[in-house]
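Novice: Letter by letter, the chains look like this.
There are 2 protein chains.
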Amino acid sequence: MTGRQEGLIVELEYILPGDIEKRSFEIIDAELEQRGIHLPKEQRDVTMRVIHTSADFDYAKTMTYSKHAVETARKLIREGADVVTDTNMALAGINKKKLAEFGGQAHCFMAEEEIAREAKKRQLTRAAVSMEHAARIPKPVIFAIGNAPTALVSLYELMQNRGWRPAFVIGVPVGFVNVEAAKELILKTDLPYIVNRGRKGGSNVAAAIVNALLYGMI
Amino acid sequence: MTGRQEGLIVELEYILPGDIEKRSFEIIDAELEQRGIHLPKEQRDVTMRVIHTSADFDYAKTMTYSKHAVETARKLIREGADVVTDTNMALAGINKKKLAEFGGQAHCFMAEEEIAREAKKRQLTRAAVSMEHAARIPKPVIFAIGNAPTALVSLYELMQNRGWRPAFVIGVPVGFVNVEAAKELILKTDLPYIVNRGRKGGSNVAAAIVNALLYGMI
Chain A
1 MTGRQEGLIV ELEYILPGDI EKRSFEIIDA ELEQRGIHLP KEQRDVTMRV
51 IHTSADFDYA KTMTYSKHAV ETARKLIREG ADVVTDTNMA LAGINKKKLA
101 EFGGQAHCFM AEEEIAREAK KRQLTRAAVS MEHAARIPKP VIFAIGNAPT
151 ALVSLYELMQ NRGWRPAFVI GVPVGFVNVE AAKELILKTD LPYIVNRGRK
201 GGSNVAAAIV NALLYGMI
Chain B
1 MTGRQEGLIV ELEYILPGDI EKRSFEIIDA ELEQRGIHLP KEQRDVTMRV
51 IHTSADFDYA KTMTYSKHAV ETARKLIREG ADVVTDTNMA LAGINKKKLA
101 EFGGQAHCFM AEEEIAREAK KRQLTRAAVS MEHAARIPKP VIFAIGNAPT
151 ALVSLYELMQ NRGWRPAFVI GVPVGFVNVE AAKELILKTD LPYIVNRGRK
201 GGSNVAAAIV NALLYGMI
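The listed protein sequences derive, respectively, from chains A and B. For the first sequence, the working numbering assigns the number 1 to the initial residue and increments by one for each residue that follows. For the second sequence, the working numbering assigns the number 1 to the initial residue and increments by one for each residue that follows.
These are calculated hints, taken from the structure and not from any lab test. Given the structure is predicted, the values throughout are model-derived calculations rather than measurements. Ideal Cβ positions, reconstructed from N, Cα and C, are used throughout, including at glycine. Be careful, since some hints might not be right.
[As the list claims (entries may be wrong)] Some chain B residues close to chain A (C-beta under 8 Å, calculated; not the full set):
1. Leu-16
2. Leu-158
3. Ala-167
4. Gly-175
Model the full assembly from the supplied sequences, consistent with the hints where possible.
Specialist: If you want it as structure tokens, here you go:
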């Protein structure tokens, strides 16, 4: 690498490709320690991978888990649950091969023409309509919402109005309009969930959570 | 929406789907003002969309542009430049339809078997090898790097060792190992660039930057 010769302010460290992730987690671990943050054991894998994907230690304070959430989600995956996301970015980021080892499939219905048509007609977001669509999947589904708060509101309304229940909700939409309120809706339910309170989140965070669940499977 | 009846701490605001983005940008604008941050006019579209995609105002301080970077990138797109990214997540997030209107294509070579094979053999990251692959595209290319610092190092080394030049670099990898140093490498060149200094960035940020460039095209 050319870094050293060129007198970089921050020097490049020589590291083998296979060791980058391990080294990253060591750094995150050390910095959590420095900040006096002790993550509950069950939540460590997931919160640390979210920090790894965002380089943002705020998540250590805002990631919120229902009781035994990680265990519950892994049990669902082990039993073949599907994953539904609200963006094709999250879908691209999820390790679908690993999920398939347990019999699960990942879906995103956002780009389907039928969804767009119905959303336009009903003045709803495509995310909201695609949740209704996903609610018809005849097996347990983990919803991984990284973008649209309206997707979370839609899940909540399906519960209230139709007595339907999602198996698990990963609620990490990002943004400025209704994002915090939509997350609080999910926190009020008795669903198993992993939610990042506040405005932050994203498709990358949603995918990171699903992958952390998968990578920690025994 | 059910929010109001349920006595939410943060209430849901009723808003038409088409107005959510506009309202989000108004909030970002107002909060930048409150924080006393005045973004240079040419950079506003891009930095604001990055904040929109991350809900993180840190980007207002760390986003770094070469002189007339936005104008330069838009000129390249207008002339049909391709975009190469280092993740399939960023590829999924880029508005490829809009890019195609100007004759450009978006690529990600990370998942190709040939890349994986060569990376393993040479003890390099797949990202580094896929940059070498992309350097053979016989037209101007905007590199949008949201994940792998080794992709930026690879671009730099191709410049040093082979006299090749990328047309433009969006350098926003995220992480803890060599991320800051790799970004500083790009800042030292005379390339046109948009870089987020520090550890933060991501595939979502890379896609947001490309989309902000596209959406601001006249």
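Novice: Are the hints correct? Go through all of them and say.
Specialist: Here is how each hint holds up against the structure:
1. Leu-16: holds (6 Å)
2. Leu-158: violated (11 Å)
3. Ala-167: violated (21 Å)
4. Gly-175: holds (6 Å)
Of the numbered hints listed earlier, those contradicted by the structure are 2, 3.
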